[in-house]
Structures are given as C-alpha cells and as structure tokens.
Amino acid sequence: MFGLNAISAHNGWTMAVVGAAIVFSGLMVLSFVISQIHKLLTFWDNKNRYFNNGAEKKAPPPQAPAQTPPAPVLCPSDLPAMAILYRPLVESLETPFQLTDLYTLAQEHDFPHPHLTLTCFRQANFLIPQGNGYFTWNEPEENPTD
Amino acid sequence: MDLFLSFIANTGYLLADYRHLIMIVVGSIFVYLGVAKKYEPLLLVPIGFGILVGNVPFFKGFGIGIYEDNSVLHYLYFGVTTGLYPSIVFLGLGAMTDFGSLLARPVLMMLGAAAQMGIFFTLLSALALGFLPEEAASIAIIGGADGPTSIFLTAKLAPHLIGPIAIAAYSYMALIPVIQPPIMRLLTTREERRIRMPDMREVSKREKLIFPVVGVLLCCFLAPTALPLLGMLFFGNFLKECGVTDRLAHTARTAIIDTATILLGLTVGCSTQGDVFLTAKSVGIFILGSIAFSIATASGIIFAKIMNLFLKVKINPLLGAAGVSAVPGSAREVHLMGQHADPTNYLLMDAMACNSSGVIGSAICAGILWSFMLV
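Residue numbers (this note's numbering), protein chains in the order written: chain P, 1 to 146; chain E, 147 to 521.
Keep in mind the hints are simulated off the structure, nothing from the lab. Please note that a few of the clues may not be correct.
Here are a few chain E residues that sit away from chain P, every Cβ distance over 10 Å (derived from the structure) [stated by the list, open to error]:
| # | residue |
| --- | --- |
| 1 | I329 |
| 2 | N491 |
| 3 | C511 |
| 4 | F518 |
Each computed DSS-like pair below joins lysine-lysine, with the alpha-carbon atoms no more than 27 Å apart [what the hints assert, rightly or not]:
| # | chain 1 | residue 1 | chain 2 | residue 2 |
| --- | --- | --- | --- | --- |
| 5 | P | K47 | E | K206 |
| 6 | E | K351 | E | K206 |
| 7 | P | K39 | E | K206 |
Nothing here was measured: the structure is a model prediction, and the numbers come from that model. For each residue, glycine too, the CB sits at the ideal point set by N, CA and C.
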C-alpha cells in the first residue's frame, strides 16, 4: 500500500499530530518548570521571612562602620603668595601641563606640602582642568597677586 | 596444487563482487572525510573503517561475519542490537553537557521541540512510500539528527535496518556544514542573522543539580520508553553536577563514552555488508533521511521566526537550526553563520541551549514512536 491510503491505514496522521503535540507539550512543561527553579530556590532561601510573616525579629542591619569625616583641607592663608612661587614652575612647563609634572617640580624645589597646595590651587581656580589630566594656570589674569 | 587452488578460491579476491567494492569505496570516502576534511572524525573514522572491515568478502559458515552466530563481531554487535551502546553514549553525553545555558534561557527549549517536526513529517513520507510503520518510525528518527537515538529506536523496531539508518544518521550529522548553511541562508534575512541575544543570567550550582532530577522525572513520566536514553543522560549529568562524583563523571565522559563510540562505530560500519546493505530500501532511507534532516533544520528556523512575532526581545532565528540534536556540530554552524553576518555576534551558548533541548526532544520522540508501535 502506498500514498495517503498507506498513511491512513497505519494511523500515520494521528501518530504525527499526537506525537508532535506530546513533544511540544512535554518540552513546554519542562521549560516552564526549569524557568521556575531559581525562583523556588530564592523563595526557599527566604522562607523564614515569608512564613513568619515578618514576626521574626529581623537582625538589626549591620552598622555601617563609623566613617571618620575627612579632615578639612587647610589651605595656606597666603595662597596668592604661594601662586607667585609656583608661577615660574608653571612657566617652565608646556601649556597645558599635567598636574603630576607640576607636583614633581614642586617636590624637586622643596616647596612645602605640594600636594595640599595643588589641591588648594584647584579649589581656588588657579588650576583650570582641560580634561585628560591636563591643566592650565589661571593666576595671572583672574587672581592677580602682585 | 589442489590445496593452493582451494586457498585461492577462498580468498576475498575471488569472493568479492561489485557490492563489496562499492561499499569499500563508501568506507574509504568516510575515512577520507573524517581524516582529511575533519568532518566528525570521531564518528566517521570508526564507521568508515568498520565499513572496510565489514566488506571484506569471506567464506560464510565459519563464524566470521557480523551476522553469523558466535563470531566476535556478532558479540560486539550485541551492544547495538540491544540498544546498549546508545545508552552508554548518552551517559557520557550527560556527563559532558553543561545545561547552564538552557537553564538561563528556558524559552529556547521550544526550538528543540520545533526541530523535531522533521521526524513526524518523515514518518508520514515513509509510510506513504510503503514502509511498514516500525520501519517508518525508525527512518523518521533520523530527522532528530541523533545517531545513538536512531540506532536505539531502530534496534527496537526494525533491527534489519540498523545499518542503513545508522549510516544515514551519522552521514548527515557529519555533513552538517554542507546541509544546514544553505537552509539557514534561504530562510533568514541578513538583518535577522544579525540579531544579538541578550546576556544570560548567572545559573547557580543548585539549579544545575536540580535540573537532571526534574528532567528525568518529567520526561520519563511522559515517555517511559525513553528511559534507557534519558535516564542515562540525566544520570550522567547528575554525576557531573553533584560535585562528589567527579571521578565517575570524568570516566563517563572520557573512557566510557570513547569505548562505546569506538565499538558502536566499528560494528555499525561492519553491519553494512554489501550483500545485505545495498538494497532499494537503503537508497530510500538515505533520501528520506536527508529530507528529514533538512525539514528539521527548516522547522526550527521557521518556529523561531514565529516566536519572534510574540516576543518582546527577539531571538536570532538561526538558533532554530540548532534545535536538531547534532551536538555540537549544528550549534557551531549557527554560531559561524551568525558571525558571518556580524563578526561581533556571539551565538554559541544560546545555540548550545537549543542543541541540548534537541537531544532531550529527539529522545522523547523516540520514546513516543516506540510507544505508538507497542499499541
């Protein structure tokens, strides 16, 4: 027997449709179940919170370690005078310059507290950031000191 | 002189006919493809060499050939005819498979189901061509692109067709780089092939541990006849994931699966004795097998496109082609095709998820078809 008659005689249509439906439904169920596993595990991990309906005393949230307030930056009171000292160093650099270069020069000339001084220069807009770690010196025009 | 002439008359040179020679050529091609072209060498080399061994002509009645009682090859073939080797291969497969990507994106499991449609289409085609239902079911399972599953079901339903069905199944698995890409290109646009899959979530160790237990219970309650395959697959995976049987998992995914693969390939190859193998039915099986494989690929892609009509986050329809269970060949092809369209697109893990579900799907199909034949 051949053709459609053979398919019908051997229940081919039924086997194909039912078979396909079983495979799809089976894998769909498996897919759904495995998509829920991680949710069930999360639920299991937090079961005390759900079952005790919040009656369980919650452990106090861990105290954040007391942070010591940052020490105030004490800028030199005579910042414009310091700017005069720094000007020759800046002029020896290219424009714009890297802050690290200025810092290194200040150290080489034994200037006191160069890190603190440069921080204060930035806050007081003596040093203007140009991006990528480069700065320009702003003292002569907007911060005349002499 | 008589002794010499008698000896000459019993040599393979005089006993050979054209069918042996054809099969020796086929075996040589398999070995060539495996060694030179590196098409699935772990499968094609044992099978190809088995074809050479199985087609050495011999004087029948001395317990030499694979179909003769008490021959060594016949005893080794026992593992094929009973479905033993496929089960062992599934054990090793489970021990080497990471279902993490499937657990991370379970929706891809539907592509593994869709790609099984080739099986049922081929079932109808084989019935229409006059094959008996048991034969048609065995041929249809080639569409799952799963060699061990094909051999397992054929051993149960139509043992006389094991040779051609196994050869067809493994041939098409090896020819994935040739068969699948044109179908993928035909059914998808370049834009669709460029769709990126979102990052997968992290899957916990506990999820991977629970999955084989849930999988074996759900799948085998649905199709108990798939137990020899899926039971072993999920058991192997549990060995891998439970964390306390690393030695067993290592042995399962190395020595055990390798031994089974060698014996399976060699004996399947030997079973293709020219005088038994070269029949009109074998030709029909090869044609139907290629149709089954192509339809499986196409149905996966088309189903992925249908899913995209309803999903907010679109999936790459190429992944549908990985719904067949040729691990990891089809996943690799999908990944390569995706990268061809967009070199920065990375589909391998998602494709492996489809591949894994394809393995489960084709084993369920085998169980269902076997159940139908028991009714």
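* Could you tell me which of the hints above the structure violates, numbers in ascending order? => Hints 3, 4, 5, 6 and 7 are the ones this structure does not satisfy, whereas the remaining hints hold.
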